[in-house]
Amino acid sequence: MRLEKYKDFEVEDLALDPDFKGSILRPESRQTDLYTALLERFPEKQVDLSDARQLVFHLERQYQAQRPSAEDKLDVYQNIVQLRQERKSQKSRKPWRLNGWLAVAASFLLLIAGAAWFFTGGFWQENRLYQTTYSEVADYTLPDGTVVSLNANSSLKLMGDWGKAEQREVRLEGEAYFKVTKKEATNAKFVVHTNGPDIEVLGTQFNVNTRAGRTLVMLEEGKIKLISKSSVQEPKIMKERQLADYQAQKKLIRSDIDPAKYKLWLQGYFSVDELSFDEVIAEIERVYGVKVQLEIAVNHDMSIAKGALPTQNLEELILTFETLYNVAIAQEDETLYIR
Amino acid sequence: MEQPAKQQAKTARKAIDQEVWLRYQAEGEDAFPGLYEAFFDRLFIYGCNIVSDESFVKDAIQEVFLKLLERDPKTLEIQNISSYLFVALRNYLRKTAYSNANKQRHQELYVERKEKIELPQDQKGNELIPIDILKQKMDQLPDRQREILFLRFFEGYDYKEISQVMSINHQVVRNYAYRGMKRLRRNLEGVFHLFQAWVPLIFLFSASIEPFAKYFLGLI
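Taken in order, these protein sequences are the chains called A and B.
When the first sequence is numbered by my numbering, its final residue is 339 and no position is left out of the sequence of numbers.
When the second sequence is numbered by my numbering, its final residue is 1220 and no position is left out of the sequence of numbers.
Among the clues, some could well be false.
27 Å max Cα-Cα, derived DSS-like pairs, lysine-lysine [claimed, not checked]:
{"id": "1", "chain 1": "A", "residue 1": "K239", "chain 2": "A", "residue 2": "K261"}
{"id": "2", "chain 1": "B", "residue 1": "K1182", "chain 2": "A", "residue 2": "K7"}
{"id": "3", "chain 1": "A", "residue 1": "K179", "chain 2": "A", "residue 2": "K189"}
{"id": "4", "chain 1": "B", "residue 1": "K1160", "chain 2": "A", "residue 2": "K73"}
{"id": "5", "chain 1": "A", "residue 1": "K88", "chain 2": "B", "residue 2": "K1137"}
{"id": "6", "chain 1": "B", "residue 1": "K1095", "chain 2": "A", "residue 2": "K291"}
{"id": "7", "chain 1": "A", "residue 1": "K88", "chain 2": "B", "residue 2": "K1095"}
{"id": "8", "chain 1": "B", "residue 1": "K1160", "chain 2": "A", "residue 2": "K5"}
{"id": "9", "chain 1": "A", "residue 1": "K157", "chain 2": "A", "residue 2": "K182"}
{"id": "10", "chain 1": "A", "residue 1": "K239", "chain 2": "A", "residue 2": "K263"}
{"id": "11", "chain 1": "A", "residue 1": "K250", "chain 2": "A", "residue 2": "K239"}
{"id": "12", "chain 1": "A", "residue 1": "K5", "chain 2": "B", "residue 2": "K1014"}
{"id": "13", "chain 1": "A", "residue 1": "K88", "chain 2": "B", "residue 2": "K1135"}
{"id": "14", "chain 1": "B", "residue 1": "K1182", "chain 2": "A", "residue 2": "K88"}
{"id": "15", "chain 1": "A", "residue 1": "K189", "chain 2": "A", "residue 2": "K251"}
{"id": "16", "chain 1": "B", "residue 1": "K1137", "chain 2": "A", "residue 2": "K45"}
{"id": "17", "chain 1": "B", "residue 1": "K1182", "chain 2": "A", "residue 2": "K45"}
{"id": "18", "chain 1": "A", "residue 1": "K73", "chain 2": "B", "residue 2": "K1067"}
{"id": "19", "chain 1": "A", "residue 1": "K239", "chain 2": "A", "residue 2": "K291"}
{"id": "20", "chain 1": "A", "residue 1": "K306", "chain 2": "B", "residue 2": "K1067"}
{"id": "21", "chain 1": "B", "residue 1": "K1160", "chain 2": "A", "residue 2": "K7"}
{"id": "22", "chain 1": "A", "residue 1": "K5", "chain 2": "B", "residue 2": "K1182"}
{"id": "23", "chain 1": "A", "residue 1": "K73", "chain 2": "B", "residue 2": "K1014"}
{"id": "24", "chain 1": "B", "residue 1": "K1095", "chain 2": "A", "residue 2": "K73"}
{"id": "25", "chain 1": "A", "residue 1": "K251", "chain 2": "A", "residue 2": "K291"}
{"id": "26", "chain 1": "A", "residue 1": "K229", "chain 2": "A", "residue 2": "K251"}
{"id": "27", "chain 1": "B", "residue 1": "K1067", "chain 2": "B", "residue 2": "K1014"}
{"id": "28", "chain 1": "B", "residue 1": "K1182", "chain 2": "A", "residue 2": "K306"}
{"id": "29", "chain 1": "B", "residue 1": "K1182", "chain 2": "A", "residue 2": "K73"}
{"id": "30", "chain 1": "A", "residue 1": "K182", "chain 2": "A", "residue 2": "K225"}
A short list of chain A residues far from chain B (calculated; beta carbon distances all over 10 Å) [said to hold, decoys possible]:
{"id": "31", "residue": "K21"}
{"id": "32", "residue": "R61"}
{"id": "33", "residue": "K73"}
{"id": "34", "residue": "V76"}
{"id": "35", "residue": "Y77"}
{"id": "36", "residue": "I80"}
{"id": "37", "residue": "L83"}
{"id": "38", "residue": "R84"}
{"id": "39", "residue": "Y134"}
{"id": "40", "residue": "E136"}
By construction, these hints were calculated from the structure, which means they are not laboratory data.
The beta-carbon is built from N, C-alpha and C at its ideal position, and this holds for glycine as well.
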């Protein structure tokens, strides 16, 4: 019997259920007896059932009261018909258009110019900078076959001449996930330069995140070498499933981490688990290009919250953030106010 | 046993929408009155749950329909006409409300309405909470919760469909629907109990001062 699905229902779930609503509001329909049937099946829930019934009843009345008046309906209809006529007659006066032959000639010229630029190498020269804007995550294949996913508001620059050099070198700002292809023949190294350490690679998959003053390197597969800028520190060889955390003077290596957590942004989310509340705010500002204004004090619960926030959709971010931190957010233009 | 009934009810509403839409596609502008009739009220109520300015909602609906009329219906590939119209209205309202030209007029997207709305009594005499208080309680919900409640409760959309209209994750939608309903329930409970407790008191009060009133009036 389908009644069993209502067993663990709370008042709110019941009121949101279309079948339940139907049985309350359209007693002549076939679902008439759902309410009575539920009463018989779960007599202990009598109070809940009657509460849900009240809720359905009041909510429906509220919506019915919002129905527009007949004048409004006629009003808008007449406006539409009238405006439609006006716009139709405007349409017949066509705006300025390119003469057919002129258009063909112009597009042909453009095509030639584009092809020339492409084949003389202009295209390749210019394309050495890979860049993403706010809330954009993009995959790029570098000339050597290495696949890079760039997180929002990040950039990757190819250094030197990739056609000839033994070394493949890039400079990263922001965050990226690398799948480096191994060069069997030349054993050419792949080097990622960051504000923190430089990362030397043979062939492997890893994530690099350079935040303000902090660099996180997560190695999923293979082997990489970290070379600090200060010559005092020895180069560090990282093993699989390790996380290196470089801050101003400190260096921390953690083993046996869960790579998926650091790759969440590839699916359009980022984990707040490792971040302080301030860092979460900074990340939101960086990813979405918004300003965040705190109008409440940060409490303990907020600094230890665990979860993931979306990076692709500001509206979804606001909803999830409100739920995760139990706050209200008001948006005005490019600023989010946390209240 | 309920399953076929539900399927039927759900597809019945969709089937009517679909029929109206197919007729419009086949007959073009001649079938527009039918389309308008089927959707104006629903769009209006939906709009009023996004912004509080009714004339703004009317303008928006007008633009949405005009946009639709400008396009050749045969080239439009629309799976679900109701969600197409809801999305169009929603986008228009949000875009216009946030745009600079309208900034002053609609600074606050949704302002609680104060004026009283009249509604004839329910045939069972069920009028317990005045409709303006109900409206006020509804206005206290966060914008998105109110929007989700409308699509879920009034339109009978499932969470997937709502998530497509509002372009947010369907888990978030479910969560918000529940929270909206919970909040509404809490708000209403306060009023409800207050109301039930006060109504007899008012009668009692008026009854008890009646003799005195008569006495004093008699003196004058």
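(request) Against the structure, test the hints numbered earlier, and report the numbers of the ones violated in rising order. (result) Structure breaks hints 4, 5, 13, 14, 19, 20, 25, 29, 31, 32, 33, 34, 35, 36, 37 and 38.
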